[in-house]
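Quick mapping for you: the protein sequence lines, in order, are chains A and B.
So in the working numbering, spot 10 of the first sequence is number 158, and the numbers just go up one at a time.
So in the working numbering, spot 39 of the second sequence is number 60, and the numbers just go up one at a time.
None of these hints come from the bench; they were simulated from the model.
There may be inaccurate statements among the hints.
Claimed, not checked - Pairs of lysine-lysine, DSS-like flavour, derived with a Cα cap of 25 Å:
no.: 1; chain 1: A; residue 1: K196; chain 2: A; residue 2: K186
no.: 2; chain 1: B; residue 1: K153; chain 2: A; residue 2: K443
no.: 3; chain 1: B; residue 1: K286; chain 2: A; residue 2: K540
no.: 4; chain 1: B; residue 1: K349; chain 2: A; residue 2: K443
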Amino acid sequence: MSDLETFRAEARAWLEENCPKDMRDGAGGEENICWGGKQWTFQSDAQKIWLDRMSAKGWTVPAWPKEYGGGGLSKEEVKVLKEEMRKLKCRSPLESFGIWMLGPALLKYGTHEQKLHFLPPIARGEIRWCQGYSEPNAGSDLASLQCKCEDKGDHWLINGQKVWTSYADQSDWIFVLVRTDPKATKHTGISFILVDMEQEGVSTKPIKLISGKSPFCETFFDDATAPKEYAPGVSAIVGEMNKGWDVAKYLLTHEREMISAGGGGLLGGRGMGEVAANEIGLEHGRLSDPLLRAKIAQAEIDGWAFLLTLERMKDEAKAGQGVGANSSMLKYYGTEFNKRRFEILMDIGGSDELEWEGERTKDGKLARSWLRTKANSIEGGTSEVQLNVIAKRILELPGA
Amino acid sequence: MPLVLNEEQEMLRESARGFLDEKAPVSALRKLRDTNDETGFDRGLWKEMAEMGWAGILVEEDHGGVDFGFVGAGVLAEEMGRTLTASPFLSTSILAATALKKLGSDAQKQANLPSIAAGETLYALAVDEHRKHGPAKIAMQAEKHGNGFKLSGDKTFVADGHVADKIIVAARSAGAAGEQNGLTLFLVDAKAKGVSVERTQMVDSRNAARIKFDGVEATGDEVLGEVDGGYMALEGVLNAGRAGLAAEMSGSAQQAFEMTVNYLKERKQFGTEIGTFQALQHRAAHLYSEIELAKSAVLKALQDLDSHYGMAGPICSLAKAKAGDVAKLASQEAVQMYGGIGMTDEFDIGFYMKRIRVAQEMFGDAAFHADRLAQMRGY
Ligand SMILES: Cc1cc2nc3c(=O)[nH]c(=O)nc-3n(C[C@H](O)[C@H](O)[C@H](O)COP(=O)(O)OP(=O)(O)OC[C@H]3O[C@@H](n4cnc5c(N)ncnc54)[C@H](O)[C@@H]3O)c2cc1C
Ligand SMILES: Cc1cc2nc3c(=O)[nH]c(=O)nc-3n(C[C@H](O)[C@H](O)[C@H](O)COP(=O)(O)OP(=O)(O)OC[C@H]3O[C@@H](n4cnc5c(N)ncnc54)[C@H](O)[C@@H]3O)c2cc1C
Chain A
149 MSDLETFRAE
159 ARAWLEENCP
169 KDMRDGAGGE
179 ENICWGGKQW
189 TFQSDAQKIW
199 LDRMSAKGWT
209 VPAWPKEYGG
219 GGLSKEEVKV
229 LKEEMRKLKC
239 RSPLESFGIW
249 MLGPALLKYG
259 THEQKLHFLP
269 PIARGEIRWC
279 QGYSEPNAGS
289 DLASLQCKCE
299 DKGDHWLING
309 QKVWTSYADQ
319 SDWIFVLVRT
329 DPKATKHTGI
339 SFILVDMEQE
349 GVSTKPIKLI
359 SGKSPFCETF
369 FDDATAPKEY
379 APGVSAIVGE
389 MNKGWDVAKY
399 LLTHEREMIS
409 AGGGGLLGGR
419 GMGEVAANEI
429 GLEHGRLSDP
439 LLRAKIAQAE
449 IDGWAFLLTL
459 ERMKDEAKAG
469 QGVGANSSML
479 KYYGTEFNKR
489 RFEILMDIGG
499 SDELEWEGER
509 TKDGKLARSW
519 LRTKANSIEG
529 GTSEVQLNVI
539 AKRILELPGA
Chain B
22 MPLVLNEEQE
32 MLRESARGFL
42 DEKAPVSALR
52 KLRDTNDETG
62 FDRGLWKEMA
72 EMGWAGILVE
82 EDHGGVDFGF
92 VGAGVLAEEM
102 GRTLTASPFL
112 STSILAATAL
122 KKLGSDAQKQ
132 ANLPSIAAGE
142 TLYALAVDEH
152 RKHGPAKIAM
162 QAEKHGNGFK
172 LSGDKTFVAD
182 GHVADKIIVA
192 ARSAGAAGEQ
202 NGLTLFLVDA
212 KAKGVSVERT
222 QMVDSRNAAR
232 IKFDGVEATG
242 DEVLGEVDGG
252 YMALEGVLNA
262 GRAGLAAEMS
272 GSAQQAFEMT
282 VNYLKERKQF
292 GTEIGTFQAL
302 QHRAAHLYSE
312 IELAKSAVLK
322 ALQDLDSHYG
332 MAGPICSLAK
342 AKAGDVAKLA
352 SQEAVQMYGG
362 IGMTDEFDIG
372 FYMKRIRVAQ
382 EMFGDAAFHA
392 DRLAQMRGY
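Could you build all of it, start to finish, from the sequences and the hints given here?
Right, here's the structure in full:
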């Protein structure tokens, strides 16, 4: 047996023994995610046990080095572990912006001390992070951000406003893009700083979405502070001062990969055709609505080809590295596809899925999800911005 | 298996690209067309390809081939798609080689595979009888006659049928048109009595044939695979052809796209490169994404043909549908972004548009395969 197959057998045995039954229902919906953090209340004992066991094994972040709370697994082993988890329908033990975004950025740009300080609590689900990038006047044009950060000797003083900060009201810490050199050109005066939100100078105000939910906030910094160092060698700034834009961009490639891979739970879930066959019915073995059938078949072709592309890009990427500029392609295609998928699911649902309140639809669960997908092609950089990135970085078109 | 080429396959790609760029660029196809060449490809070039092992890319070493598998064959098809190289590769080295390997008796293999690998004998696969693809629609009769059969019916869109030495033909030994049961495959000599071949010159400057079978006698030895049970056998062979065509179209799409992107960087209007206009940038970036999807589907189909031949139907439909649609888009966007020049015969892009139109139609267009996938998935 190859090493990888040995690993597969071991991983499977371990998962079978350690994954609680309630965590083996393959439920990946947003409402079942374990986000962790100081404010987190576990939805069940099983959810807590599962997190504890997986984090003790380092498998909440299997690819990270062991010394930082990870599993130290190779790219191939991570793939095998994910496959086995999928086969056993294990839920993900933990998801967070720390895992998706800050972790990769720290692994690349952080000092050893910063990694030791910040990564293990992320891996254990103890600290929940949020992302302070966008501002009222800095959306797509992120580098025009104005949030001010001044050097006060032993600490930094931060003043300004962020917006669209996902889960800010439920997070413990925030990674923030701030302007540390107001005189420098747009991209050069920015720093990437880590801020504890448990202080008077930081406050949040939820914003309600068209789906009726409030997953994000306005975040205000009024004389908020961060020490120069949280511990010896643990600077509050990641990477070099005034070079935060590099860190920011690198983090964005990971965010894009994550959003596209989410592709809206493409991997789990039932196919559109299957849903339609059940809900609408067949005539002579074919869906009775031929135009809808054609639309679904076309979409399933694109969805399958997209999943294969995600797989190929990961296989092509060098071990331990992301997919680079192609993350923009994946983000663009995956999110546009996910919107298309939900439009079709709503077509299938017809008037039954248009109820907003009430038991029958679990308070308009599908309709609310459909509305939520509209943000997919906005958050993490809009589709148009991704196309700009492809034109510039991959196609190298002039003036892009 | 990782969804990437291995080292051996990468090397094959590099050497194929070098060879084709030198020996068979688009100008070679243009010349064949302008001289109204009766063969439609260069036999000398085919000989050279055979010497490099391309003709026997799928043939086992025992039979004189190099046995590089479907991924290897797809790599070659893709490269030929880039240069629009006309050759009997699809009919002989993919379709016939697959049919003989998977269905042939030992004697049939011995009699045919070595000459395929040597590039000596040319084959054609005759399936369709109507303008739209559909193996189940086959009506051509294979009547029991003594110990053998008598074949009667008309076939159309038979690629390389005009030059083939041997024809693999699907006919109905039982059942009625529309049924899957009752098909049988035959390997008949193109010179057999009752076979008449009409060469058809196609949009893409290549040739196919309409073939009439008028009471052609076939012995039991000429049956390929099982009598009456040919449908699934034929599907397997067609799947290989579909994946091969998809690979070819992926190559054509990539080439057309690269030419277009280069043009966007050169052509100036309004005092600047037209590539600076966001309207064109976004279209190019979208097309880039679509081409990446097609590449993934194609590679997976080829890999699955190698590892799970009998189960590769859905993935081959995916590859054929996706690559066909994307290649059409690539050629259409190319002509549009080239402006007036894209419409001229002097310029190569039109050749891509024409070849893609033919390749996407062969063995089922995107709608055929979307319908097939929907059926396989129970809707
Ligand atoms: C659900 C959700 C969660 C989010 N979470 C976070 C978070 O946690 N942290 C955070 O910092 N931000 C977050 N955001 C913010 C998100 O990153 C921004 O909304 C996004 O970058 C777009 O900025 P904007 O909303 O200001 O739109 P604008 O930049 O004003 O864009 C408006 C329109 O103009 C287009 N446009 C802009 N520039 C160009 C151009 N150069 N070429 C072509 N078209 C262009 C855009 O594509 C868009 O269609 C979130 C957003 C959403 C919807
Ligand atoms: C069949 C045919 C008949 C014709 N007949 C005549 C005729 O009788 N008389 C005559 O004078 N001309 C004629 N023309 C020429 C025709 O008007 C030009 O081909 C057309 O104006 C485009 O110019 P171009 O070919 O130089 O392309 P380009 O201007 O080089 O355009 C190349 C690509 O760039 C795009 N592009 C250019 N500028 C922009 C921009 N600012 N923003 C976004 N995209 C842009 C174009 O849309 C195109 O996709 C004919 C052309 C054809 C094909």
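Going back to the hint list, which numbers does this structure go against? Structure breaks no hint.
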